[in-house]
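Since the structure of chain A is already known, use the hints to place chain B on it.
Order-wise, the sequence lines are chains A and B. Following UniProt numbering, the numbering of the first sequence begins with 1 at its first residue and continues without gaps. Following UniProt numbering, the numbering of the second sequence begins with 1 at its first residue and continues without gaps.
If you're looking for bench data, these hints aren't it; they were derived computationally from the structure. A portion of the hints provided could be inaccurate.
As the list claims (entries may be wrong) - Estimated spans, in silico, between C-beta atoms of each pair:
1. A:54 to B:83: 53 to 59 Å
2. A:65 to B:140: 25 to 31 Å
3. B:85 to A:41: 18 to 24 Å
4. A:310 to B:42: 37 to 43 Å
5. B:37 to A:344: 55 to 61 Å
6. B:174 to A:54: 38 to 44 Å
Since the structure is predicted, the reported quantities are computational estimates derived from the model, not experimental observations. We put the beta carbon where it would ideally sit given N, CA and C, even for glycine.
So you can see what is in the structure, the chains are spelled out below.
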Amino acid sequence: MIELPTLGWQSIVILVVFGVSLLIATYCTYAERVIAAFLQDRVGPDRAGPFGLLQPLADAVKLFTKEEFFPAGANRALFVLGPCLAMITALMSSAVIPFGNVIQFGTNVFNLQGIEVNIGMLWVFGIVSLGVYGVMIGGWASNNKFSLLGAIRAGSQNISYELAMGMALIAVLMISGTLSLREITLQQSVAGEWHFWNIVKQPLGFIIFLVCAFAETNRTPFDLPECETELVGGYHTEYSSMKMGLYLFAEYVNVFVASAVMSVLYFGGFNFPFQYELRDWLVSAQGWELVSAQNLISILGLLLLFGKIFAFIFFFMWVRWTLPRFRYDQLMRLGWTILIPLAIFNILLTGGLILGGIIK
Amino acid sequence: MTLAERAYLPAIFQGLSITMRHFFRAATKKQVTVRYPEEKRPFSPIFRGLHVLKRDEVGRERCTACGLCAVACPAEAITMVAGERKKGEENLYREEKYAVSYEVNMLRCIFCGLCEEACPKAAVYLQPDKMAPPRFERDEFIYGKDRLVEPVDPNARSIRGIQLTPEQAQALSQKISQQPA
Chain A
1 MIELPTLGWQ
11 SIVILVVFGV
21 SLLIATYCTY
31 AERVIAAFLQ
41 DRVGPDRAGP
51 FGLLQPLADA
61 VKLFTKEEFF
71 PAGANRALFV
81 LGPCLAMITA
91 LMSSAVIPFG
101 NVIQFGTNVF
111 NLQGIEVNIG
121 MLWVFGIVSL
131 GVYGVMIGGW
141 ASNNKFSLLG
151 AIRAGSQNIS
161 YELAMGMALI
171 AVLMISGTLS
181 LREITLQQSV
191 AGEWHFWNIV
201 KQPLGFIIFL
211 VCAFAETNRT
221 PFDLPECETE
231 LVGGYHTEYS
241 SMKMGLYLFA
251 EYVNVFVASA
261 VMSVLYFGGF
271 NFPFQYELRD
281 WLVSAQGWEL
291 VSAQNLISIL
301 GLLLLFGKIF
311 AFIFFFMWVR
321 WTLPRFRYDQ
331 LMRLGWTILI
341 PLAIFNILLT
351 GGLILGGIIK
Chain B
1 MTLAERAYLP
11 AIFQGLSITM
21 RHFFRAATKK
31 QVTVRYPEEK
41 RPFSPIFRGL
51 HVLKRDEVGR
61 ERCTACGLCA
71 VACPAEAITM
81 VAGERKKGEE
91 NLYREEKYAV
101 SYEVNMLRCI
111 FCGLCEEACP
121 KAAVYLQPDK
131 MAPPRFERDE
141 FIYGKDRLVE
151 PVDPNARSIR
161 GIQLTPEQAQ
171 ALSQKISQQP
181 A
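So here's chain A without its partners, still in its complex pose (with noise of 0.2 Å):
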């Protein structure tokens, strides 16, 4: 058995989470434009391949071919650095995502993990925040009155339900006692004891974090800083090529990881129900080793965190073909004095139950 180091295993998931996030990101574009058609009665893309399946490869060479065009009075240097700023602050935090349970060779025991750090919500909340500064620079560095203004639009839009979303956290946290999204996900189901997701525990901040995700990953009905229709496309008004691209990738890989993140959160993440008696069940009645039963259930979870995820993100997409965008001021009045108060009260809320030892 070669022992690999600790940072050469994590390096490894590392590199495997940002392809598979890609590749996530590349056949939204796909399922997102067949989901489009089949919600309203048409096709959808068929004729790149079998079912279309070669569609995103056709939309990479179209977008790689294109030409690159650079806005008069620009500034470069900050017009490279939006779209690259925004990929790269959606795929960091896909690094904290615990996308399985521990697998184990021998001795060796691997995280199914990019990073495990004890403050993994923390870090996550940190890059999208970050994120903001890809659509702003974007929007100002164009050198175009409508980007600034679409990207004003995203900044104040991302600050305004971040805060909302930080708060419907904070119930979470209430009941985890812990910023590690490991964590969290294990204490979602504990062996030999009876675990709720904290979707039972936290509907109202379930509700309340999906909005909010909605807002931060600027999908429909959330969409104002790319409305094509009042600012002729936003933030990336200017961008062509590959430079838009990114910016449209970005967006898809922050639907994944938002969409991974609620599933961490309030769905079990890569539990599911009856594992450790799958576990032990091999264990006694099949002759498997504990070590390769654990294993089984690992891989699993993992795939079956990946339906989660998948099932979250057919419901951004169906979300975004169903709902027509909010007026400017509705979504501001939404963020600040339905959701945020809605928040503070799910707080107080949680608070009491812990109080009254109802949830713990």
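What follows is chain B alone, placed relative to chain A:
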């Protein structure tokens, strides 16, 4: 507004259920779209498409370059130059006068059909089964006699009439009769 309306969520779930119904219907029901190059919708019986200059039953050009179509044309899309038939060209042109050049500017043409109504020789028609195809250059839209006159081979000629199967024609006439006037 009632509390339920102000909470947005009931209305949102209602909308989501509607789109979800369509999502599953898309898998079972026929989609409303047509895969265009392979599948084509039948033209309406009153469709007016690309012009054609007809020949008579022995293959002579019917047009006598009288210019009535150009006069009738509200968009002034038709221009022509008339010429006199020489001896020995009787098998080419039906009358003593014929069109040396006959041009229709498809960018100007509004396909109103007034030219075919004005034509006393039944020479110009708007085909019911052929559209003016898209082009890249503006001058490619000026159709000369090379593209307007019917080919001599009777099998290659465009047929005046509606090229629908009987079922399609029936469905179409029903659809038209059901439409409110």
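Hint by hint, here is what the structure shows:
Take residue 54 (chain A) and residue 83 (chain B): their Cβ atoms lie about 57 Å apart, and the range 53 to 59 Å holds. Checked against the hint of 25 to 31 Å, the C-beta distance between residue 65 (chain A) and residue 140 (chain B) comes to roughly 27 Å, which is consistent with it. At roughly 59 Å, the beta-carbon separation of residue 85 (chain B) and residue 41 (chain A) lies outside the given 18 to 24 Å, and the hint is violated. Our hint of 37 to 43 Å for residue 310 (chain A) and residue 42 (chain B) holds, since their Cβ atoms are close to 41 Å apart.
The supplied range of 55 to 61 Å is met by residue 37 (chain B) and residue 344 (chain A), whose beta-carbon atoms lie about 58 Å from each other. At about 41 Å, the CB distance of residue 174 (chain B) to residue 54 (chain A) agrees with the hint of 38 to 44 Å.
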